[in-house]
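These are the residues of each chain, in order.
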Amino acid sequence: SAVISQKPSRDICQRGTSLTIQCQVDSQVTMMFWYRQQPGQSLTLIATANQGSEATYESGFVIDKFPISRPNLTFSTLTVSNMSPEDSSIYLCSAERGNTIYFGEGSWLTVV
Amino acid sequence: SQQGEEDPQALSIQEGENATMNCSYKTSINNLQWYRQNSGRGLVHLILIRSNEREKHSGRLRVTLDTSKKSSSLLITASRAADTASYFCATATGGGNKLTFGTGTQLKVEL
Numbered sequence: 027s028a029v030i031s032q033k034p035s036r037d038i039c040q041r042g043t044s045l046t047i048q049c050q051v052d053s054q055v056t057m058m059f060w061y062r063q064q065p066g067q068s069l070t071l072i073a074t075a076n077q078g079s080e081a082t083y084e085s086g087f088v089i090d091k092f093p094i095s096r097p098n099l100t101f102s103t104l105t106v107s108n109m110s111p112e113d114s115s116i117y118l119c120s121a122e123r124g125n126t127i128y129f130g131e132g133s134w135l136t137v138v
Numbered sequence: 056s057q058q059g060e061e062d063p064q065a066l067s068i069q070e071g072e073n074a075t076m077n078c079s080y081k082t083s084i085n086n087l088q089w090y091r092q093n094s095g096r097g098l099v100h101l102i103l104i105r106s107n108e109r110e111k112h113s114g115r116l117r118v119t120l121d122t123s124k125k126s127s128s129l130l131i132t133a134s135r136a137a138d139t140a141s142y143f144c145a146t147a148t149g150g151g152n153k154l155t156f157g158t159g160t161q162l163k164v165e166l
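Same order as they appear, the protein sequences are chains D and Y.
Using our numbering, the first residue of the first sequence is number 27, and each one after it goes up by one.
Using our numbering, the first residue of the second sequence is number 56, and each one after it goes up by one.
No lab work stands behind these hints, which were simulated from the structure alone.
Be aware that one or more of the hints could be misleading.
To be verified - Derived pair list, reagent style DSS-like, types lysine-lysine, alpha-carbon separation capped at 25 angstroms:
no.: 1; chain 1: D; residue 1: 33; chain 2: D; residue 2: 91
no.: 2; chain 1: Y; residue 1: 111; chain 2: Y; residue 2: 163
no.: 3; chain 1: D; residue 1: 91; chain 2: Y; residue 2: 153
no.: 4; chain 1: Y; residue 1: 111; chain 2: Y; residue 2: 153
no.: 5; chain 1: Y; residue 1: 153; chain 2: D; residue 2: 33
no.: 6; chain 1: Y; residue 1: 81; chain 2: Y; residue 2: 124
Required output: the full structure, derived from the provided sequences and hints.
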């Protein structure tokens, strides 16, 4: 398995501000992913983050709103920019190991 | 649209009973994975079943896969109150391992 740590676990943010979520994996992984889970909903993939290249965003998500960094094989960040109440969600980091996708505990953001 | 649809959306059973959740998907898959999510927390990986497999077991969990019907089921035997959670299926397609999640089943196991 893989141990994935996310920070912050929870935060309350003012609209118009930005917040960066950090994700640390216990060992090197090639592929990392960021998902969003809106209240009462299932998970939706935001982007795939590979080390050494720009993140690949899914339809409906753009780099200006969700910039992602992947400086090395164990770490990634997701920034939620210019937040609005619609961005209130759980943001989950995940990593692939042996075809299995493991998830962090998530970062629960509430925008007020 | 969501790749997977799960039913039931919600399931309430008594402790000791079995719980069955079903997942249907739309396109060919590489594998299908089941996850558990306790309220407001991260996802815990339960089982991965590959497209060439039909059944897998892990403890009290049994997963089946029918690629001809594009469906999977998760059976939890002898359920416990601690099994109360949301359960999601997720499919991996194409050359990568991007997951598309189902709508989820909320399971409540009552004492």
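Exercise. Going through the earlier hints one by one, which of them does the structure break, listed in rising order?
Worked result: Of the numbered hints given earlier, the structure breaks none, since each of them holds.
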